[in-house]
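Chains as they are written, first to last, in our numbering: chain A, 18 to 378; chain B, 18 to 378.
If you are wondering where the hints come from, they were derived from the structure by calculation, not from laboratory data.
Hints may be right or wrong, so weigh each one.
When chains are identical, the list treats them as one kind, so a pair holds in a single copy or across two.
Said to hold, decoys possible - DSSO-like mimics (lysine-lysine), calculated; alpha carbons at most 27 Å apart, straight line:
hint: 1; residue 1: Lys-367; residue 2: Lys-190
hint: 2; residue 1: Lys-367; residue 2: Lys-191
hint: 3; residue 1: Lys-62; residue 2: Lys-249
hint: 4; residue 1: Lys-286; residue 2: Lys-66
There are 2 protein chains.
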Amino acid sequence: MEYRRGKDQESDDISQKDVERLDLRSLSDTAATSNLSTAGGPKGKNTWKLKSIVTLALTLLTSSQAILIVWSKRAGKYEYSVTTANFSVEFLKCLLSLVALYRTWNSQGVTEDNRLTTSFDEVSVYPIPAIVYMVKNLLQYYIFAYVDAPAYQILKNLNIISTGVLYRIILKKKLSEIQWAAFVLLCAGCTTAQLNPSSDHVLQTPIQGWMMAIVMALLSGFAGVYTEAIIKKRPSRNINAQNFWLYIFGMIFNLVAICVQDFGAVINKGFFHGYSFITILMILNHALSGIAVSMVMKYADNIVKVYSTSVAMLLTAVVSVFLFNFHLSLAFFLGSTVVSVSVYLHSVGKPQQHNPPAQQK
Amino acid sequence: MEYRRGKDQESDDISQKDVERLDLRSLSDTAATSNLSTAGGPKGKNTWKLKSIVTLALTLLTSSQAILIVWSKRAGKYEYSVTTANFSVEFLKCLLSLVALYRTWNSQGVTEDNRLTTSFDEVSVYPIPAIVYMVKNLLQYYIFAYVDAPAYQILKNLNIISTGVLYRIILKKKLSEIQWAAFVLLCAGCTTAQLNPSSDHVLQTPIQGWMMAIVMALLSGFAGVYTEAIIKKRPSRNINAQNFWLYIFGMIFNLVAICVQDFGAVINKGFFHGYSFITILMILNHALSGIAVSMVMKYADNIVKVYSTSVAMLLTAVVSVFLFNFHLSLAFFLGSTVVSVSVYLHSVGKPQQHNPPAQQK
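The whole structure should be built from the sequences, with the hints applied where relevant.
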């Protein structure tokens, strides 16, 4: 069992100092942020730095996330309700957003861009990603009637393609032909790296399983791309304020999920029943990952997010060799090679090259 | 058991008419041939057509070659001496070259470029590929002390990389960065497509096995690239005359191999002992493939050859599904995807785009 990754957010992520620095930047880099791929000069350099920091943070957090999951599996079965853990993640993200906002208000005062109050127009779209994720998670219960777990792991890589396609359609951003080729390679490489003797089951997936997998990939891709659209719509808007509203709806929908799925268990055994040290670590990690995803949406894009989480998957496997004596397969090496080439092609294949110039004094 | 692919050659390949047409072109397209990548206009168009025909021929012949091998395996064990079959292939290629030359002499008369007699300077380099192949085949007997058969199949893909590297070093031809990336992908994709449950053995290959595999890949790559250098050295020279001399040395070295390995069997049971209908088909196929390789060397290059044989490998698997009820694995689909993207990247990544202009009348 693995809980869904939160959509977005931010707050005292890497450290609270970083967040304040990021806040200042988000104010000064408005123009550059909204036009990342062509930004140059000092502003472009800052944006590029910011983009690198949040991407790195997301990669590291996602890797440690998977390692925590392995660790918790080793430690025994999950005894807690997954829905309460999801709610705790949303709550923690909300709390961290508020803390970060509070610090911003103290240093810069309350402005139009960082105030918490909002218009109905701004906030009305915020529940949509949460609803889409809920539908996707609901489908997840039904797909296992047609697909087994290893095959599902493989099918999840369709997310990569759906994200690319929806990114193009919804955000109307162009990828070059070479970047498209790189994206197909990323999907093939990730799948190759995950190959194991039971992977071939996926070829026996019935048509219903395929359809559901494709619908789930589209929903997941849509939620990600739509969140980016929401966050990028007002580049000068403080990301913590945006996240606060996103996470409020995340909390509401998870509350509904608790009532539907785990109401009895929560009433009888308590909200935090079965929580262990690892559970708390996982909740913390998911909250920080969610914040990192949000940062990547604000300062980079969904494509960077997909690359980041894919590279994280490979990093996890390498780290697991040392931590858990994992055995790397030839398929893993081949997949990693393909993913590496894909990352390279994505960067050289930019429609317009973005080289932050060296600072001259 | 699979006999080594001949180096190069030509003659009445696709049909004798084709060869004559090719001959005429090889005379008229001298300049274009020696500068394929930048050729344009009618000459460029002819060259491009010629390149496509020989590439297609090589791909189809290589595919059917592998299918014949599967067929012959199904039909039972090989009873014949592989060395005599190799000699027969060289002999047949030599004979076909002579027939093609004879036809050329009849139609165009004997010229400086198509006469059989040659200078010591020209012919002195011709034995080198044959010697290199012999050394490589010799090593093949020893590598199995360190590497098992499935691992060897995987390691053979190192040929792709060694050919690219030696092509760059020896022929001093440039590949763009994207084409290099495509080449790495080709190697990874071919290997992925061949993955099976026992492929992971390759990771237990001892260092001696790796060293030998690398040396063999370098020798094989060197023989290919060196042959291209020999054939391209005098673009106006008739390819059949060049092949005649190449194959003469092929015959000589295979004669030595017969004496060393199968002398007893040949004396006792006869030269053609154990030959079946399939054996003859395979010899015919190898001879024609050898000729196609030679054509590709003359009118295209080693890179095209590598792509052609890689695509043939995939084609073979697909055809085998229908012929032998083969089961395609997920790894095969992933590998094929990567190879397809590689072919695409190789063509879009050309240092200087070569678009044969549509003929205007």
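Verification of the supplied hints:
no.: 1; hint: Lys-367 <-> Lys-190; verdict: both (12 Å within a copy, 26 Å between copies)
no.: 2; hint: Lys-367 <-> Lys-191; verdict: both (10 Å within a copy, 22 Å between copies)
no.: 3; hint: Lys-62 <-> Lys-249; verdict: within (19 Å within a copy, 49 Å between copies)
no.: 4; hint: Lys-286 <-> Lys-66; verdict: neither (47 Å within a copy, 76 Å between copies)
Of the hints listed earlier, the one the structure fails to meet is number 4.
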